[in-house]
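**Q** Listed below are the residues making up each chain.
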Amino acid sequence: MLEIKNLHARIAEDGTEIIRGLNLTVKAGEVAAIMGPNGSGKSTLSYILSGREDYEVTEGDILYNGESILELDASERAAKGIFLAFQYPVEIPGVATMQFLKVAMNEQRKYRGEDELTTPEFMRRVKEAAAELKIAPEMLRRPLNVGFSGGEKKRAEILQMSLLQPKLCVLDETDSGLDIDALKIVADGVNALRSPDRAVVVITHYQRLLDYIVPDTVHVLYKGQVIKSGDKTLAHELEANGYADIIEAAA
Amino acid sequence: MNMQQAIKMTAAETALVDAYTAQIGDLPGDGSVFSVRDTLVHELKTAGLPTRRVESWHYTDLRTLLRAVPAADPTAFADRVDALVPGSTVLSVRNGQTDIKGNLPDGVTVRSYVDSLLDGSAAAGLAVLGFDDAIGRINGGLVRGGLEIDVAADAALEDPLEIQLVQSLGQAHTRFPVSFGAGATATVIERHLSTNDAESFVSSVSDVTLAEGADVIWIVLQQQGAADTHLGQIRFDLGKNAKLHLFVINAGGKLVRQEIHGKTSGEGADFKLRGINLLGGESHTDVTFTLGHNVPHTTSTEIIRNVVFDRAKGVFQGKILVAKDAQKTDAKMACNTLLLSDDADLSAKPELEIFADDVQCGHGATVADIDHTQLFYLMARGVPENKARAMLVNAFVAEIVEELEDDEALVEALEDVISTWLDKHA
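Line by line, the protein sequences give chains G and V. Note that the numbering used here has the first sequence beginning at 1, numbered continuously upward. Note that the numbering used here has the second sequence beginning at 252, numbered continuously upward.
Chain G on its own, in the form it takes in the complex:
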């Protein structure tokens, strides 16, 4: 489903190279965890996958379902089924949450040549998904992410994900700022989306989240490259011994 080949990318503004020859393959149905120390390029990778313009790909390619997505902008990638759950969801005062959800769902449908949702159908879907994630209706009446607690923001991200039904979900440090109850709710939301035709990339610092979202594969990112891949036991190894051994072995 996702194939990253020898990817090199830099910050557009100052030319700093962050991703330096990254290779990664994630198959449909797979949950892949990306772990790595601070500054290894984890968040950058998530932004590049979703099409943020602050980064420039200088070499290599990203294939999604066999096609390069480098020429597609963020909205086109989203409409094709790539979803990024933000580490820091963005507050947008003046945009009502419900209005935003409706526009996002319908714009994606339009792009795919599907009919727009009727208002009652839209309401029904939001109500159902919100209840699953224990999101209070009051929260949906507020402007997008404004005045949400850290946990509410993360739950709102998962709500968007379950409404938009993407094919490739990228979760960027979704566990940061969550207490254990919120973490369970969020993980349940993600697990509910696991399916044979959907892939999930979980970017995380800690093993903790992976106790709840159990990965099929684990990849260690360091200095913009995947330096080691393995199964879920690799995450436990990292938790016990830290990154130093692996980094040394790779050097």
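In short, the hints are calculated from the structure, not lab data. A few of these clues could be false.
Said to hold, decoys possible - To give a feel for the contact side, a few chain V residues facing chain G, derived at Cβ under 7 angstroms: (1) Gln625; (2) Phe627; (3) Tyr628; (4) Met630; (5) Ala631; (6) Met642; (7) Ala646; (8) Glu650.
Note that the structure is predicted; figures quoted are calculated from it, not measured. Backbone N, C-alpha and C fix where the C-beta goes; we use that ideal spot for every residue, glycine too.
Put chain V on the given structure of chain G with help from the hints.
**A** Frame of chain G, contents of chain V only:
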């Protein structure tokens, strides 16, 4: 050579003076009114329209910007339009001519301003606010319509009162002395609009007084045509514990100056100014505001949001004066601007003049492009770039409108004005 000869009148100045001379037998007014009119027109003739050398007109050089003034056409016709908010009481003023028809809500009395000109009671109110009060001068010289509105003490108006000023072409000069009795509550919509693309020249002065405890929302909605000149002024005086929430929306016109001049006269008075300027094309729009906190314990907040497209130019001047005795004044002013093209231009000049020593006052101004992180967030959810930009521009101003949330129909109507404008210009 003396100074008087040094001034060669511009086409616009000549047209304004000629408009007076041509109508002199026709303009309403008794001897006292005409004595004021004569003085004002004489001042216009000798001093001319203000230039950038006059401080309060520095960013709007009226003498240069006002190239021509269309002739007044007494036969011009304009139709009334539907009320902005369904259910409003509409007071219609078309091409400067008032007609008082229909039922008024309890506690509201309306009198034609023409009667006040004819009996001379309007004369004192025609005085200008100062040597630089060009709007007061033009309007005082040429005013021939308007309404005097009185809202009785403790009257509670359920539906908005819409003063609907419809212009088709030519000139209109109107005045609206409006007084709210003690404890009165009301929403007034002063709505200026044009029915076509023909050139108009409009001046309008509202003179608003709030007695003790009155609570008023006043909306100035300016939607003139793309060729029109609009000179608006609202003066206000707030009594003890009076509350005025003034909302100014500019969404039209070619050359626009909206002045707001107010003072707090009673302790506990609270003033809120919210301004939205939607600017596009080659228009020039100036909002100039002065507020005197004249007595202790009064509060004010001012938030202006400007959205500037194309080659449009916007100006916001805001000056808060806190008198020596006005201790415990709390005043905050902010002017935020989205500049959406390389040729868009906005000048902001916030000023505080504080003579008291125990006050809380502040001001700030920001100018920015669309927030790229917000834009990316919307796009990452599948919203195409154009649509995402439009949503963010709309959000920038919608935030201000939402403060009127107690009146859903009003919020809806204003949001509609904004999104219609943005759909056309963005």
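**Q** Each hint needs a verdict: does it hold in this structure or not?
**A** Here's how the hints hold up against the structure:
no.: 1; hint: Gln625; in the structure: holds (5 angstroms)
no.: 2; hint: Phe627; in the structure: holds (5 angstroms)
no.: 3; hint: Tyr628; in the structure: holds (4 angstroms)
no.: 4; hint: Met630; in the structure: holds (4 angstroms)
no.: 5; hint: Ala631; in the structure: holds (5 angstroms)
no.: 6; hint: Met642; in the structure: holds (6 angstroms)
no.: 7; hint: Ala646; in the structure: holds (3 angstroms)
no.: 8; hint: Glu650; in the structure: holds (4 angstroms)
Going through the hint list in order, the structure satisfies each hint without exception.
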